[in-house]
Amino acid sequence: MQTPLEAIDLCCVRGERTLFEGLSFTLKGGDLLRIGGPNGSGKTSLLRIACGLLEPESGEVRWGGESILRLKEEFWVRLLYIGHANALKDDMSAAENLGVASTLAGIVADRRQVAEALARLGLAGRENLPVRVLSQGQRRRAALARLALGAAVPLWVLDEPFTALDAKAVENVQELMRGHVSRGGAVLYTTHHEADIGAAGSRRIDLAGGK
Amino acid sequence: MSVNWFKYSSPQTFFPLAGRLALGFGALAVFTCAVGLYLGFFVAPTDAQQGESYRIIFIHVPAAWMSMFLYVVMAFWAGIGLAFNTRLSGMMASAVAPTGALFTFIALWTGSLWGKPAWGTWWVWDARLTSELILLFLYFGFMALQAAIDDPRRADRAGAVLALVGVVNVPIIYFSVKWWNTLHQGASVSLTKAPTMAATMLAGMLVMIFAFWFYSIAAVMLRARCIMLERERASEWAGQYARGVA
Amino acid sequence: MIAALRCVIVRDLRLAARRSSDVLTVLLFFVIVVSLFPLGVGPDPKLLRVVAPGVLWVAALLASMLALGRVFAQDHADGTLEQMMMGATPLGLVVAAKVLAHWLVTGLPLVLISPILALQFDFPQDLLGVLILSLALGTPILGLIGAIGAALTLGLRGAGALLSLLVLPLYVPVLIIGAGAADAAASGLGGQAQLLILGAMLIVAAAFAPWASAAALRISVE
Numbered sequence: 001m002q003t004p005l006e007a008i009d010l011c012c013v014r015g016e017r018t019l020f021e022g023l024s025f026t027l028k029g030g031d032l033l034r035i036g037g038p039n040g041s042g043k044t045s046l047l048r049i050a051c052g053l054l055e056p057e058s059g060e061v062r063w064g065g066e067s068i069l070r071l072k073e074e075f076w077v078r079l080l081y082i083g084h085a086n087a088l089k090d091d092m093s094a095a096e097n098l099g100v101a102s103t104l105a106g107i108v109a110d111r112r113q114v115a116e117a118l119a120r121l122g123l124a125g126r127e128n129l130p131v132r133v134l135s136q137g138q139r140r141r142a143a144l145a146r147l148a149l150g151a152a153v154p155l156w157v158l159d160e161p162f163t164a165l166d167a168k169a170v171e172n173v174q175e176l177m178r179g180h181v182s183r184g185g186a187v188l189y190t191t192h193h194e195a196d197i198g199a200a201g202s203r204r205i206d207l208a209g210g211k
Numbered sequence: 001m002s003v004n005w006f007k008y009s010s011p012q013t014f015f016p017l018a019g020r021l022a023l024g025f026g027a028l029a030v031f032t033c034a035v036g037l038y039l040g041f042f043v044a045p046t047d048a049q050q051g052e053s054y055r056i057i058f059i060h061v062p063a064a065w066m067s068m069f070l071y072v073v074m075a076f077w078a079g080i081g082l083a084f085n086t087r088l089s090g091m092m093a094s095a096v097a098p099t100g101a102l103f104t105f106i107a108l109w110t111g112s113l114w115g116k117p118a119w120g121t122w123w124v125w126d127a128r129l130t131s132e133l134i135l136l137f138l139y140f141g142f143m144a145l146q147a148a149i150d151d152p153r154r155a156d157r158a159g160a161v162l163a164l165v166g167v168v169n170v171p172i173i174y175f176s177v178k179w180w181n182t183l184h185q186g187a188s189v190s191l192t193k194a195p196t197m198a199a200t201m202l203a204g205m206l207v208m209i210f211a212f213w214f215y216s217i218a219a220v221m222l223r224a225r226c227i228m229l230e231r232e233r234a235s236e237w238a239g240q241y242a243r244g245v246a
Numbered sequence: 001m002i003a004a005l006r007c008v009i010v011r012d013l014r015l016a017a018r019r020s021s022d023v024l025t026v027l028l029f030f031v032i033v034v035s036l037f038p039l040g041v042g043p044d045p046k047l048l049r050v051v052a053p054g055v056l057w058v059a060a061l062l063a064s065m066l067a068l069g070r071v072f073a074q075d076h077a078d079g080t081l082e083q084m085m086m087g088a089t090p091l092g093l094v095v096a097a098k099v100l101a102h103w104l105v106t107g108l109p110l111v112l113i114s115p116i117l118a119l120q121f122d123f124p125q126d127l128l129g130v131l132i133l134s135l136a137l138g139t140p141i142l143g144l145i146g147a148i149g150a151a152l153t154l155g156l157r158g159a160g161a162l163l164s165l166l167v168l169p170l171y172v173p174v175l176i177i178g179a180g181a182a183d184a185a186a187s188g189l190g191g192q193a194q195l196l197i198l199g200a201m202l203i204v205a206a207a208f209a210p211w212a213s214a215a216a217l218r219i220s221v222e
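Residue numbers (this note's numbering), protein chains in the order written: chain C, 1 to 211; chain F, 1 to 246; chain A, 1 to 222.
These are calculated hints, taken from the structure and not from any lab test. Just so it is clear, the structure is predicted and the values come from calculations on it, not from any experiment. The reader is advised that the hints may include incorrect statements.
[Unchecked claim] With a straight-line cut-off of 20 angstroms between C-alpha atoms, the simulated SDA-like cross-links for lysine to any residue are:
#1 K72/C / L127/A
#2 K72/C / K46/A
#3 K178/F / I197/A
#4 K72/C / K178/F
#5 K46/A / L165/A
#6 K72/C / A88/A
#7 K72/C / M1/A
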């Protein structure tokens, strides 16, 4: 990832509460930045601000010196965001969902690559079932399969990626994150999981509630 | 004398100014309204066709004008708020809406009161009354949307999009209703065709328009103060104001 | 970019096909509303012939409003809308594609069934073309304008009723011109003027409404 993502003096107000203010950080290639903090401290809001989904009360996020809100698609093409919601349509299969998600994100992936990505996350043989019949853990893995196709996308922003995953799947995803970072990509994530991912370039920022 | 307009662009500084404006314009409104109604009800001559009942146009026509002006004003403030991300503009737009809706309602009510003695029915589907009815729905829609959204910032911005879409549509609505009306009525006369204007009648209506303008400014300023206090209740100046008054 | 838009349309059509009940419900609603009018105003054929265009248009309007709940709500609920907002294609174009798919699934069936319903009202057969064309031009406009309302009310309590309030005043010109086309044709004046105006409205709506909807979506998703 050539250009860094810069967060400058961010202030976030939700409802009446100021969640955080004066927050700044820079994310470069090879960085694995974890946002920590208690529930309600604004972790999800910070991630959404970093993606351009939420406008901060003050401050801005820049990519290559320009505000991401002005860059829009130019920035979003270089971003892969997986939030709390799985972003899967219940009536479509995991394979169909992944195919649509890739096309919309500008990633070229044929059926074989989609099947491989789902197999990487342990969903081999289940990729043609409607998402409706999958378990919570399987759905989360189907959502995370985008990571397996997202090697070319420099910036990954993941909100609680390990939710509902068993130990093996957690290790799987951590491996994907490590691989991405070692290839020069950057990952910004939050998690309640205390285990260290063990990649070079790991950092942590903690949001204390109300600071 | 150069005025630093930006000085008043924050709620804290605008609040006292709004109070003074409300007082001043309120007094002016009472005065001009008295003058206007006197002109309309006592000085203007009796109409040859409609007798005394036409006098309601001194309220009806200015109210209809105000209802349309205020929608444009509301859309203007909403647009400014959306473009420049200023909190106060959004508050002004929200403050204007109920006054605009009030004048729309007055226009409809007085139009109906005029229609009964003049044409024998409580309601006519003529172009102006029908457009006023749709304008009332536009105001209600704006107010309902803002009421349904808890987050004030989303409420301001969503209302702004709606107001801007509405203001573009108001002329389209007006012309399509007018066309619909002429198509279906053929040769009949419109309810809102006012009697030929004597000079005093015109003067009376102009004075009433000013009276309604002054009232609107006063009402909007007062409402804006309430909105500011509510939105900024966590801030220092609002706390001090509340403690000072209470 | 074309590939992405085609993907959106195919996806929405596929989802509608797999969940066809809500699509059929809208069509059924249209048919029922149209059938209620004669029950309300009496079966006098002269009266029904006169009110036929208006009744069909009002019913199409109501059915369109009912259908608007499906344009963005489901995608918003499962998180796919956010992903579309951060895609490689501008959101305005994505919205236009979604509205097109929405019309194909909810508007086009109304247009296709309208001649049958019009015959129930003994509407002159040679004028059916004008009526169908007015609905074919008008229902997409209703969808485009309605999408703005749907985007503004995304996720709100009582969104359905609020949406109707927001969108009805904006629908009025389309209703007047649309029903006016068939009316004019019935009274011998020919409906070309109205149809041309509808065409112009469709072009303007298609050019501007998706961007208003996109702006409204970004505001609502915050």
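Here is how each hint holds up against the structure:
{"no.": "1", "hint": "K72/C / L127/A", "result": "violated (49 angstroms)"}
{"no.": "2", "hint": "K72/C / K46/A", "result": "violated (58 angstroms)"}
{"no.": "3", "hint": "K178/F / I197/A", "result": "holds (15 angstroms)"}
{"no.": "4", "hint": "K72/C / K178/F", "result": "violated (43 angstroms)"}
{"no.": "5", "hint": "K46/A / L165/A", "result": "violated (33 angstroms)"}
{"no.": "6", "hint": "K72/C / A88/A", "result": "holds (9 angstroms)"}
{"no.": "7", "hint": "K72/C / M1/A", "result": "holds (15 angstroms)"}
Against the hints set out earlier in the document, violations occur for numbers 1, 2, 4, 5.
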